[in-house]
Each structure stands twice: as structure tokens, then as C-alpha cells.
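Can you build the whole structure from these sequences, using the hints too?
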Amino acid sequence: MRAPNIKARHVPIIATVVVFGLLYAAASMHFRNFFSLRVFANLFTDNAFMGIVAVGMTFAVLSGGIDLSVGSVVACTGIIMSKLITQHGFDPFLTAAMLLAAGTLFGTIMGCFIAFYDLPPFIVTLAGMFFARGSSQIISLESIPLKSDVLTAVAKFGIPMSARVRFPFAAIVLVASVLAGTWIAQFTKFGRNVYAIGDSEQSAVMMGLPVRRTKIGIYALSGFFASLGGVIYTLYTSAGYSLSGMGLELDAIASVVIGGTLLSGGVGYLPGTLLGVLIQGVIKTAIIFDGTLNSWWTKIIIGSLLFIFILLQTWIAKSARFRRSGP
Amino acid sequence: MRQKLPDVLRSPYFWSLLFLAALLIFNILFTERFGVIEVRDGHFYGNIMDILRRSVPTVLLGTGMTLVIATGGIDLSVGAVIAVSGAIGALLARDGYPLPVIIALPLAAALISGVWNGFLVAKIGIQPFVATLILMVSGRGIAQLLCGGQIIKFSDPSFEYISAGFILGFPFSMYLAAAVLAAVQTVTRKTALGLFIESIGVNPAASRCVGINATSIKLIVYAFSGLCAGIAGLLLTTEIRGADANNVGLNLEMDAILATVIGGTAMTGGKFYLAGSVIGALIIQTLTTTILARGVTRPATLVVKAIVVISISLIQSSVFRSQLSGLLAGRGGRA
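For the protein sequence lines, the chains are A and B, in the order given. Heads up: the first sequence is residues 2 to 328, going by the working numbering. Heads up: the second sequence is residues 80 to 414, going by the working numbering.
To be clear, the hints were calculated from the coordinates, so they are not data collected in a lab. One thing to keep in mind: the hints can contain errors.
Quick list of in silico lysine-lysine cross-link-like pairs, DSSO-like style, CA-CA up to 30 Å [to be verified]:
#1 B:Lys202 to A:Lys319
#2 A:Lys84 to A:Lys157
#3 B:Lys350 to A:Lys319
#4 B:Lys269 to B:Lys350
Stretches of chain B that chain A covers, calculated by requiring three or more beta carbons in the stretch to come under 8 Å of a beta carbon on chain A [stated by the list, open to error]:
#5 222–229
#6 391–399
Here are the simulated distance ranges between beta carbons [said to hold, decoys possible]:
#7 A:Ala177 to B:Asp174: 53 to 59 Å
#8 A:Val19 to B:Ala262: 35 to 41 Å
#9 B:Ile191 to A:Met30: 33 to 39 Å
#10 A:Gly292 to B:Phe249: 48 to 54 Å
Yeah, the Cβ is synthetic: ideal placement off N, Cα and C, and Gly gets one too.
In C-alpha cells:
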């Protein structure tokens with residue numbers, strides 16, 4: 002019954018890989034032209050901002066927390082960036098760097114509330130969500146176009162994959178974010194602390210791990226990736242709009258869960274999150290290819306997938322508990 | 080004296096009531112015609128009536144949410160359930176079905192949604208946040224599917240009575256909320272149910288040891304939360320005489336959770352305060368009305384809301400309280 006080299010905590014990520022493979026194969030067989038380099042590259046490009054945001058979200062979820070503010074941080078970043086560059090003539094790169102710092106600071110402040118006052122992450126980041134959304138609407142209710150030749154050039158940059166298809170800038174940033182996230186999670190002290198807190202905060206405290214500092218770091222990191230997602234989203238749409246990124250936090254959480262991270266914390270891998278993002282991307286692209294299905298099917302299918310994955314996770318958690326308490 | 084004061088300060092209702100009172104006093108002083116209540120066609124009108132009427136959906140949702148949070152859970156799906164029940168109600172009303180059917184079917188659908196959540200949480204053992212996230216994501220999709228992606232309009236005076244009707248000068252919806260609240264208060268406080276709910280939230284293991292059936296109680300609270308969302312859905316749908324699956328009840332789950340937390344019920348579960356949640360809902364609505372009446376644009380509401388949420392959470396945090404009392408007393412000593 003028990004396979005030799007597969008641990009229970011590896012099952013969710015294996016399931017994620019299998020689901021992605023099956024979905025991609027099914028879509029490739031069903032639709033002509035789906036199995037092409039261009040569609041594959043577009044999977045990355047179209048979902049780059051969501052994936053980048055989901056990298057930060059993975060850390061919050063791994064620690065047993067949540068970050069609801071990411072969608073509005075994306076909107077806020079976009080609107081400030083467009084306003085400063087287009088209307089005030091700021092240097093594009095300096096603005097982007099400044100916004101990344103601002104996003105990190107925003108996350109740090111939320112992390113401080115969570116770490117020092119033991120407030121639930123749900124409530125603190127909900128307040129953060131209201132704050133960032135409100136601020137972006139105060140700055141401008143209208144969409145502001147992004148006008149910058151340098152940034153347009155950057156957005157158009159890409160690594161050639163074939164004669165006509167390039168792996169674009171947004172996709173490169175996505176892959177780099179996932180790689181960086183994986184490195185932080187797997188090979189740094191901070192990453193090990195995140196897993197430890199997610200597994201059992203009480204034990205982490207008793208072991209003398211810097212729980213508070215780690216928690217602040219987690220939300221700072223999530224804030225950083227959210228603002229990076231915002232910068233990429235602004236490049237992607239060439240505009241900042243105060244209502245963009247509505248419900249993005251839920252898509253990101255869904256990606257993390259479908260990617261095999263347990264919402265109770267402590268178990269999960271960053272590359273899984275990327276697959277979770279790509280699975281959602283395949284579903285969306287397939288629905289567009291089909292043409293007859295409406296967009297609300299995306300929601301229903303993603304909801305069903307979530308359900309299946311959560312059932313799987315619960316089953317694993319139960320069997321692991323059984324094994325631990327068994328003889 | 081020194082013994083008495085902290086007791087008042089520690090009362091679950093003190094800070095929220097103080098805040099609500101401050102908001103109302105501010106309005107009466109600075110907002111023109113705020114306290115005025117007029118009688119028009121035998122109905123009461125005015126800003127305060129408006130706040131009461133508009134907070135009814137949040138009060139309804141908050142009632143269900145309070146019980147769910149008391150068990151240590153959360154129900155994110157209420158906004159989506161509102162969309163589903165509203166969609167079904169609007170479709171039935173458009174096609175001219177009799178009133179009992181128009182009301183019963185959406186409520187049944189909402190109840191089923193709640194039972195589904197409860198089943199996932201209590202029977203399968205999925206974390207409440209995740210279990211209700213499923214319906215939150217797919218529920219709105221289902222509602223859009225039912226409506227065919229369109230806004231369903233209807234005209235049915237007997238159905239619209241839910242939001243437009245008046246009894247003795249007060250809107251019917253207020254009686255509806257009061258009835259639901261009174262029923263819940265009676266059932267939870269006159270029977271052991273309230274105690275059971277709290278004990279599950281405080282210590283699930285211990286309450287299982289004393290023989291409390293957590294599974295059925297969780298099923299009941301989630302089912303009830305679904306039902307509350309169903310009623311709110313009918314109310315919101317009749318208000319605009321149409322079902323807008325995309326937007327109806329959007330983010331209302333957040334307001335309901337906020338109302339509960341502001342009211343003093345901790346998100347970790349345990350003791351719950353229904354009256355506190357009502358005060359919380361009133362605070363949220365008064366805040367919105369105040370800001371709009373001040374001529375400040377809608378976006379600022381969100382920023383103010385964020386600040387209020389953080390301040391109230393801080394006041395309720397024991398760490399912050401001891402820091403504050405340490406600061407005030409000069410020494411951090413506590414009795």
C-alpha cells in the first residue's frame with residue numbers, strides 16, 4: 002500500500018503535477034493550436050502578476066497566516082506608478098524601485114501588528130486591503146495610462162524561444178520570483194523558520210526561534226512580491242487603475258492551495274504554487290479557445306478543483322495523523 | 080474606585096458602544112439635519128432611520144457569522160450565497176411564481192449551501208477558511224450561470240414588500256432582523272446551545288470529552304449562517320428589483336466578519352456577543368453614512384474603515400491593553 006520513496010507531504014505536489022499534465026494534455030488534444038510554444042509562453046505572461054503575488058502569498062500560507070491585501074496593493078502600486086511617471090515625469094526605474102520599497106514597508110507594518118499584538122492576520126491584512134484600495138481610489142478614480150518609452154521597451158524585451166516566439170519580460174520576472182522564493186524557502190534560515198511556525202507556532206517559540214522577526218519578514222516579503230506584481234501588471238496593461246486586482250487575493254490563495262500547500266501551514270513548495278497558477282491559466286485559456294463557454298465556468302471549475310485538492314489534503318493530513326499515533 | 084473602573088473598560092460592549100456614541104454625537108453636532116426624523120406618509124424618514132435600514136443585511140449576516148466564529152470557524156461564502164439566493168428569487172419572481180415559492184426556494188438553496196459548508200467543516204474536517212472559500216469562489220459563478228450572465232429584472236409588489244414594506248412606520252426589514260435576532264438570542268441563551276457553541280470554540284477537545292456533539296452543532300451554525308445570507312439575499316435583490324450576480328453582496332462577508340470582531344467576539348472562537356455584532360454592524364453603517372454626509376468621497380470610507388478596524392482590534396488585544404495601562408500607570412503591574 003505504501004509506496005517506498007513518497008512521503009505523505011509530497012502527495013499534494015505530485016497531485017498538482019499530475020493535474021497540470023492531464024489538463025494541459027487534454028486541452029492540447031481537444032483544441033488545435035493549443036500545443037504551441039506561443040500558447041505556452043502566454044500561459045506565463047498572462048498570469049505573471051498573479052504568479053508573482055502568489056509567491057509572496059505562499060510564505061504567508063506556509064506560516065499558517067494569510068495576506069488579503071495583495072490585490073489592492075497591486076492596484077495601489079499601479080496607480081501611483083502611472084501617476085508619477087506619466088503625470089509628473091519621474092524616472093521610471095527609480096519609481097519602480099521606490100514602489101517596491103513602499104510595498105515592503107506596507108507589509109512590514111502589517112507584520113508588526115500581527116507579530117507584536119497577536120492580532121489575527123486575517124483582520125490586519127483585511128484592514129490593509131481596505132487601506133490600500135481606498136488610497137488608490139483617493140489618488141485617482143480614473144484609469145491613468147502609463148507613458149514611458151523606456152518601460153515599453155522593457156516590457157517588450159524577451160528571450161527568443163523560436164523564430165517568432167519570445168519568452169517575455171513579465172514571464173522572466175515570474176520565473177525569477179519563483180526561483181528566488183524557492184531559494185528563500187528551502188535554503189535559508191528564514192525559510193526553515195517559516196515552515197517551523199506553520200507546523201506549530203508554540204513549538205517554534207519553545208525552540209527559541211525568532212517567531213516575531215520571522216512573521217514580520219513574511220508579511221514584508223508578501224508586500225514586496227505584491228508590489229512587484231503590481232509593477233508587472235502595470236507594464237502588462239500599460240495603465241494604472243484603482244479597481245484592478247479585485248479578488249486577486251482569492252485567485253492567489255487558490256493557486257497556493259491547488260499548488261499543494263496546506264492552508265494549515267507547514268507543508269508546501271514554491272514551484273507547486275507556479276503550477277497552481279499555470280493550472281488556472283490553462284483553464285482560462287481553454288475556455289477562451291472553446292469560445293462557447295462563459296467566463297463564469299472558470300470560477301466553477303476552479304472552485305471544483307479547489308474542492309478536490311482540499312479533500313486530498315484533508316485525507317493526507319488524517320492518514321499522517323493516524324500513522325503518527327498508530328503503533 | 081480603582082477596582083471598578085477597569086471592569087467597565089473590560090466590558091465587551093464598552094468600547095464599541097463608546098465609539099458608536101461618539102460617531103452619533105459627532106454627526107448630531109456637525110452634520111446638518113442628522114438627528115431629524117420626519118414622518119412622511121406615516122413612515123419614519125431621516126439619516127438615523129437610513130442607517131438602521133441599511134445595516135439590516137450586515138446585522139443578518141453578522142448574526143450567523145457570530146455563531147460560526149464562536150465555534151472557532153469563519154464563513155467566507157455568505158456574499159456568494161446572497162448572489163445565489165437573489166438570483167433564484169429574481170428568476171422565480173420574473174416568471175410569476177406564487178410568493179411562497181419565490182421565498183421558499185432561495186432560502187432552501189441558501190440553507191443547502193450552509194449545510195454543505197457545515198458538512199465540509201464538521202464531517203470532513205476541512206479548515207473553515209478553506210471549506211467556505213470553495214463556495215465563495217464558485218458560488219458567484221453558479222449565480223451567474225443561473226442568470227445566464229445577465230441582470231434579471233422583475234416586478235412583483237408582494238415580493239418587494241421585504242425591502243419596501245412598512246409596519247407602524249418602520250421598515251419591514253427591521254422587524255425581520257429583529258425577529259431573527261430575538262429567535263437566536265432565545266435559542267442560544269435559554270437553551271444550552273449557546274454554551275455548547277462557546278465550549279467548542281474555547282476548547283474542542285475538552286468539549287468532546289464532556290460529550291458535546293461538535294459535528295451536529297457546527298452543522299447547525301453553518302446552516303444557519305447560510306440561511307441568514309439567504310434572507311439578506313432576498314432583501315438586497317428586492318431592494319433593486321433585480322439580481323446582479325456579479326455585484327450583489329460583494330465584500331459583505333468582510334463587513335459581517337468585521338461587525339462580529341468589532342462587537343467583541345474573538346476570531347479564535349469562544350464567547351460570543353450577538354448585541355456586540357449588531358453594534359458592530361451599526362458602527363460600520365454609521366461610519367459610511369457619516370463619511371458620505373461629510374461630502375468626502377467614497378474611497379476615503381475604505382481608509383477610515385481600515386483605521387477603525389485596526390484601532391478596535393488593538394484595543395481588544397491584551398498586549399496593547401497592558402502596554403497602555405503600563406503607560407498610564409507608569410508601571411506595567413497588573414492585579
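Do the hints match the structure? See the list:
Using a Cα cut-off of 30 Å, the hinted pair B:Lys202 and A:Lys319 holds, with the two alpha carbons roughly 13 Å apart. A hinted pair counts as satisfied when its Cα atoms are at most 30 Å apart, and A:Lys84 with A:Lys157 qualifies at roughly 21 Å. Simply put, B:Lys350 and A:Lys319 have alpha-carbon atoms about 29 Å apart, close enough for the 30 Å limit, and the pair holds. Straight-line distance between C-alpha atoms of B:Lys269 and B:Lys350 comes to about 16 Å, which keeps the hinted pair within the 30 Å bound.
Here's how the segment 222–229 of chain B fares: 3 of its residues keep a CB closer than 8 Å to some CB of chain A, so the rule of at least three is met and the hint holds. With 6 residues bearing a CB less than 8 Å from a CB of chain A, the segment 391–399 of chain B meets the requirement of three and the coverage assertion stands. With their beta carbons about 55 Å apart, A:Ala177 and B:Asp174 fall inside the hinted range of 53 to 59 Å. Distance hint check: the CB atoms of A:Val19 and B:Ala262 are about 49 Å apart, inconsistent with the given range 35 to 41 Å.
The hinted range of 33 to 39 Å is satisfied by B:Ile191 and A:Met30, whose Cβ atoms lie roughly 36 Å apart. At about 52 Å, the beta-carbon gap between A:Gly292 and B:Phe249 stays in the expected band of 48 to 54 Å.
Against the hints set out earlier in the document, a violation occurs for number 8 only.
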